[in-house]
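Since the structure of chain A is already known, use the hints to place chains B, C, D, E and F on it.
Chains as they are written, first to last, in the numbering used here: chain A, 1 to 191; chain B, 1 to 191; chain C, 1 to 191; chain D, 1 to 191; chain E, 1 to 191; chain F, 1 to 191.
Hints listed in this document are in silico derivations from the structure and should not be mistaken for laboratory results.
None of the values given here were measured: they were computed from a predicted structure.
Be careful, since some hints might not be right.
As the list claims (entries may be wrong) - In silico DMTMM-like cross-links for lysine to aspartate or glutamate, where the CA-CA straight-line distance does not exceed 25 Å:
hint, chain 1, residue 1, chain 2, residue 2
1, A, 70, B, 49
2, B, 135, C, 118
3, F, 135, A, 131
4, C, 132, E, 118
5, B, 50, A, 142
6, B, 132, C, 118
7, B, 70, B, 155
8, E, 135, C, 118
9, E, 132, B, 139
10, C, 25, D, 49
11, F, 50, E, 118
12, E, 50, F, 22
13, F, 135, B, 131
14, A, 135, D, 142
15, F, 25, E, 22
16, D, 135, A, 49
17, E, 103, E, 65
18, E, 135, B, 139
19, F, 132, D, 144
20, B, 70, B, 185
21, C, 33, C, 12
22, C, 33, C, 22
23, C, 70, C, 28
24, E, 50, F, 118
25, C, 135, C, 118
26, A, 135, D, 131
27, F, 132, D, 139
28, A, 50, B, 65
29, C, 132, B, 131
30, F, 135, D, 118
31, B, 70, A, 49
32, B, 103, B, 118
33, E, 135, D, 131
34, E, 132, C, 157
35, F, 103, B, 118
36, D, 132, A, 49
37, E, 103, C, 139
38, F, 50, E, 22
39, D, 70, D, 28
6 protein chains.
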Amino acid sequence: MTSNNDLPTALDLPMVVPLPEDTQKYFDVCVDKLGMVPNVLKAYAFDIDKLNAFAAMYNNLMLADSGLSKLEREMIAVVVSSINRCWYCQVAHGAAVRALSGKPELGEAMVMNWRMADLDARQHAMLLFSEKVTKSSAEIEERDRQALRVVGFTERDIWDIVSVVGFFNMSNRMASATGMRPNPEYHGQAR
Amino acid sequence: MTSNNDLPTALDLPMVVPLPEDTQKYFDVCVDKLGMVPNVLKAYAFDIDKLNAFAAMYNNLMLADSGLSKLEREMIAVVVSSINRCWYCQVAHGAAVRALSGKPELGEAMVMNWRMADLDARQHAMLLFSEKVTKSSAEIEERDRQALRVVGFTERDIWDIVSVVGFFNMSNRMASATGMRPNPEYHGQAR
Amino acid sequence: MTSNNDLPTALDLPMVVPLPEDTQKYFDVCVDKLGMVPNVLKAYAFDIDKLNAFAAMYNNLMLADSGLSKLEREMIAVVVSSINRCWYCQVAHGAAVRALSGKPELGEAMVMNWRMADLDARQHAMLLFSEKVTKSSAEIEERDRQALRVVGFTERDIWDIVSVVGFFNMSNRMASATGMRPNPEYHGQAR
Amino acid sequence: MTSNNDLPTALDLPMVVPLPEDTQKYFDVCVDKLGMVPNVLKAYAFDIDKLNAFAAMYNNLMLADSGLSKLEREMIAVVVSSINRCWYCQVAHGAAVRALSGKPELGEAMVMNWRMADLDARQHAMLLFSEKVTKSSAEIEERDRQALRVVGFTERDIWDIVSVVGFFNMSNRMASATGMRPNPEYHGQAR
Amino acid sequence: MTSNNDLPTALDLPMVVPLPEDTQKYFDVCVDKLGMVPNVLKAYAFDIDKLNAFAAMYNNLMLADSGLSKLEREMIAVVVSSINRCWYCQVAHGAAVRALSGKPELGEAMVMNWRMADLDARQHAMLLFSEKVTKSSAEIEERDRQALRVVGFTERDIWDIVSVVGFFNMSNRMASATGMRPNPEYHGQAR
Amino acid sequence: MTSNNDLPTALDLPMVVPLPEDTQKYFDVCVDKLGMVPNVLKAYAFDIDKLNAFAAMYNNLMLADSGLSKLEREMIAVVVSSINRCWYCQVAHGAAVRALSGKPELGEAMVMNWRMADLDARQHAMLLFSEKVTKSSAEIEERDRQALRVVGFTERDIWDIVSVVGFFNMSNRMASATGMRPNPEYHGQAR
Chain A
1 MTSNNDLPTA LDLPMVVPLP EDTQKYFDVC VDKLGMVPNV LKAYAFDIDK
51 LNAFAAMYNN LMLADSGLSK LEREMIAVVV SSINRCWYCQ VAHGAAVRAL
101 SGKPELGEAM VMNWRMADLD ARQHAMLLFS EKVTKSSAEI EERDRQALRV
151 VGFTERDIWD IVSVVGFFNM SNRMASATGM RPNPEYHGQA R
Chain B
1 MTSNNDLPTA LDLPMVVPLP EDTQKYFDVC VDKLGMVPNV LKAYAFDIDK
51 LNAFAAMYNN LMLADSGLSK LEREMIAVVV SSINRCWYCQ VAHGAAVRAL
101 SGKPELGEAM VMNWRMADLD ARQHAMLLFS EKVTKSSAEI EERDRQALRV
151 VGFTERDIWD IVSVVGFFNM SNRMASATGM RPNPEYHGQA R
Chain C
1 MTSNNDLPTA LDLPMVVPLP EDTQKYFDVC VDKLGMVPNV LKAYAFDIDK
51 LNAFAAMYNN LMLADSGLSK LEREMIAVVV SSINRCWYCQ VAHGAAVRAL
101 SGKPELGEAM VMNWRMADLD ARQHAMLLFS EKVTKSSAEI EERDRQALRV
151 VGFTERDIWD IVSVVGFFNM SNRMASATGM RPNPEYHGQA R
Chain D
1 MTSNNDLPTA LDLPMVVPLP EDTQKYFDVC VDKLGMVPNV LKAYAFDIDK
51 LNAFAAMYNN LMLADSGLSK LEREMIAVVV SSINRCWYCQ VAHGAAVRAL
101 SGKPELGEAM VMNWRMADLD ARQHAMLLFS EKVTKSSAEI EERDRQALRV
151 VGFTERDIWD IVSVVGFFNM SNRMASATGM RPNPEYHGQA R
Chain E
1 MTSNNDLPTA LDLPMVVPLP EDTQKYFDVC VDKLGMVPNV LKAYAFDIDK
51 LNAFAAMYNN LMLADSGLSK LEREMIAVVV SSINRCWYCQ VAHGAAVRAL
101 SGKPELGEAM VMNWRMADLD ARQHAMLLFS EKVTKSSAEI EERDRQALRV
151 VGFTERDIWD IVSVVGFFNM SNRMASATGM RPNPEYHGQA R
Chain F
1 MTSNNDLPTA LDLPMVVPLP EDTQKYFDVC VDKLGMVPNV LKAYAFDIDK
51 LNAFAAMYNN LMLADSGLSK LEREMIAVVV SSINRCWYCQ VAHGAAVRAL
101 SGKPELGEAM VMNWRMADLD ARQHAMLLFS EKVTKSSAEI EERDRQALRV
151 VGFTERDIWD IVSVVGFFNM SNRMASATGM RPNPEYHGQA R
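Excised from the complex, chain A in its bound form:
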């Protein structure tokens, strides 16, 4: 928020001009669906290969089939981003939790203190594990994975939980360390 120009981060890395046709289409779809191009995509657009690699991984992780619902994946995203205090990701994915759940206070609780949310045993175990993987992954032991199996998660589900936790530990650092600004549209969504 300290810069007065249009760059999505604090780094002077403008988007390629013009964007390749596929990228332009992708961005147009974003505007249609979301009302904006998320700044994280603009930030990567100085290098289309990097943008494509990021988008492919993101879409596979957050949108493809999984034993985790999209809401659950977004809940993990916000809890991880809250631990890491990532401004961009808490804003953007907090909005997603509000929208997908229809419960504004659930998005708030994921940001502020997930333990205070009204969760069932499955979601409590999922977030407790996500917190430990974020804070002290080196101490994860078999019993931590077992605690997920006990509440019904499959091997593949566990992989997916870990993947979402891992991904946001990456993107939180990308956003915070580059000074990435969230699009202002997020703040008022689904309140």
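Positioned in the frame of chain A, the structure of chains B, C, D, E and F alone reads:
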């Protein structure tokens, strides 16, 4: 190391059989060049889309053109993995630092305590920043980025440093939380 | 949020019935002005002496004359509550920052990562000091106080900053340790 | 201790002169009973409303009826102050533990390491909870409160424990951040 | 304090009976000079070789010639023991600081918060360095040693500071992990 | 590694010249057996009394009879040194674990993340306890010692575990704070 089977992690997620032709070729190249298929690739091979997304991002990050040398990227990888105490990544990328630098003790120092290595001002700044992004990314401020510019890093270089730091904060958690085992071949390499 | 009754906390400590006349008037004023009686007041109302002592200190601190604006005091309240991850106080005082500033994103930034907010030197120094007093008060030295004087704070202002930081370090623990639930009305205010 | 004047803190905030009659009486009672006016009261006496609000809350908390003995409240005070390493509060309330218990070594243990004191199950649970509320209140869950009920604490007792913990988390920060000096008389008391 | 027998620690390791003549003489000297045999010596006396090795290192470190006064060495001992919250060492060496300095409040400040003591630049630098070596020795760099040289410490003095810090990081863990009880005589000394 | 002279640390404390006859013999034995004089001995050799006290304690601890095997003592040494990130001790004692066990990967695991090693219940308990004594000795309670007894450790074994943990918490700080350089011969040993 606690499992007695051939799975690369503690999750029961076997590779697809048979592997798609492209994947098999990729794995054959690994065997030719490295003498093995790194277990991280086998771990992802239960789902070829996920494997491809991971490999595309990894290859772009660690092997594509950059103002950072391949050795510098591997040094960052090991320092991040040491902070997170990731068994798999310290083993595999520690070997890479030894091989690329021709200095076994440099690989050791990245694992054990990077401050004790014999580094020039550029590399010291790079690793100090990488450490801060790993430990407390929310406290990164403009002056942290400025400290990189002062020793000669470009805007694009800073993006690349952050990307490598971010990536290993993801893959460290993937490896530790799934109990990923490093291939034993790494231990003796480039000693 | 785990309890299904009307108590404001997880402790079985109902309000005195009937409330003393003065207390009832105070609560009526709350309803008139805020549209609700904040749950923190209901929580204390099992013992009117305790309620009065709490309200007297709160009102002196947050509403009486001070070199700090009401908005600044609320900004400190939210930053402290964010560090302590207090659900009740982030919800209630986050709403106050949004309302007093007219900038919803400022309330969000105080909750999520104050360093990412667009602050002048005075407010940056104020929040940096508040963070240090919250996290490591034993390491406050004269130069920390001096950093406040340099940006224009008086001796009395410093006392007031410390008092607000101290107060929310108390009330955060009161709220979190008793499982205090924020009134749902706060979530949608001033978005 | 670095200042050579008579101010009770490092802030230049002298007491109002003359003190209001009620305040002067209160201070006279202190001298009669304690042999001094505690510096914390002198520190607040630059503003009589603030002094009164502080004293009212303190007296209600530490001296009024409670299921916790005065000694137990002082034990909590010292344990919290030890975690926060507050010079003023450890000195003043350490003396109180020595005096109320008649056991100098109990006061020492509360300052140095409460786990090494000879405690019954009730007091052990009380201090373990107090430590957690001080260090990580956001992680308090129902089972933490339940552990207090199991050893005999009532709902009201739990409120009182939390209140004392909260209060000293406030006053520790007031004292440390303002550089408050303990009255020298405390050091030799009840040894 | 939880054991009701005469053993100096929580381990069932009684002294050899009878003590060798030299050991008995050493213990007799302790009684003459100190009025007791410090429990740490009794604790080691289940194995005379271990006792002798410990005593030799202790005596060389704390009593032999050094550019550091005995008081300064004891100040370091208490600050380290306070950070590690060692019950035995804070009690025993806190008494030594009170006795050697003639200032009871200095012993208290070393236990409670060394930053609040009235120290000159030399002693402030010495304790700041001791704190860092205790908490994060891996981050010590040349400039930390240089800060000691600037206030007048020699190369040998720096070695001695490090040695005392190191020694108490050892003995704090010996005492805490074995449940070592301080002799009760210490509490009232030099108050 | 930043110094270009022959001193074993960053302090200008050269060995006494000539060495006393006994010391010279000791160093000659080192060269015969190890192919070098370990730099830690050279570092202490500016003062022969200090060298002798250190060597006596070290030899008693690591080489004398104990219920712990020499390998187990070295495993503890490396785990402690890894937590403290001591460059010298991880290099030297990591080599010892590799040599004594004949398993290079065991030495690596002790350095990188002991939880990932293939350990039996006895060794797991031993290292878990060692980690806790290193990180938070003040929180050791009877049940921690009891967990060692349950897997077969005697009272004397517990003392020995604590002693090794304590010793390396001392020597890690000696080495890191003086900038001690490991002999280069260690890196390639027993790979």
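Hints and how they fare:
1. A:70 / B:49: holds (18 Å)
2. B:135 / C:118: holds (24 Å)
3. F:135 / A:131: With Cα atoms ~21 Å apart, residue 135 of chain F and residue 131 of chain A stay inside 25 Å; holds.
4. C:132 / E:118: holds (22 Å)
5. B:50 / A:142: The given pair, whose Cα atoms are some 24 Å apart, holds under the 25 Å limit.
6. B:132 / C:118: Roughly 22 Å between the alpha carbons, so the hint for residue 132 of chain B and residue 118 of chain C holds.
7. B:70 / B:155: Since the Cα atoms of residue 70 of chain B and residue 155 of chain B sit roughly 18 Å apart, the hinted pair holds (cutoff 25 Å).
8. E:135 / C:118: Outside the cut-off at roughly 34 Å; violated.
9. E:132 / B:139: Holds, at about 21 Å.
10. C:25 / D:49: With Cα atoms ~22 Å apart, residue 25 of chain C and residue 49 of chain D stay inside 25 Å; holds.
11. F:50 / E:118: The hint is violated at about 32 Å.
12. E:50 / F:22: This hinted pair holds, its Cα atoms lying about 22 Å apart.
13. F:135 / B:131: holds (21 Å)
14. A:135 / D:142: holds (23 Å)
15. F:25 / E:22: Measuring from Cα to Cα gives roughly 28 Å; hence the hint is violated.
16. D:135 / A:49: violated (45 Å)
17. E:103 / E:65: holds (23 Å)
18. E:135 / B:139: holds (21 Å)
19. F:132 / D:144: holds (23 Å)
20. B:70 / B:185: The given pair, whose Cα atoms are some 21 Å apart, holds under the 25 Å limit.
21. C:33 / C:12: violated (28 Å)
22. C:33 / C:22: Judged against 25 Å, a Cα distance of about 17 Å means the pair holds.
23. C:70 / C:28: holds (23 Å)
24. E:50 / F:118: violated (32 Å)
25. C:135 / C:118: The given pair, whose Cα atoms are some 23 Å apart, holds under the 25 Å limit.
26. A:135 / D:131: Cα-Cα ~21 Å, so holds.
27. F:132 / D:139: It holds: about 21 Å lies between the C-alpha atoms, which stays within 25 Å.
28. A:50 / B:65: Roughly 12 Å separates the two Cα atoms, so the pair holds.
29. C:132 / B:131: holds (21 Å)
30. F:135 / D:118: holds (24 Å)
31. B:70 / A:49: holds (18 Å)
32. B:103 / B:118: Measuring from Cα to Cα gives roughly 11 Å; hence the hint holds.
33. E:135 / D:131: Satisfied, since the Cα-Cα distance of roughly 21 Å is no more than 25 Å.
34. E:132 / C:157: violated (32 Å)
35. F:103 / B:118: violated (29 Å)
36. D:132 / A:49: Judged against 25 Å, a Cα distance of about 48 Å means the pair is violated.
37. E:103 / C:139: holds (23 Å)
38. F:50 / E:22: Answer holds: residue 50 of chain F to residue 22 of chain E is near 22 Å, not above 25 Å.
39. D:70 / D:28: holds (23 Å)
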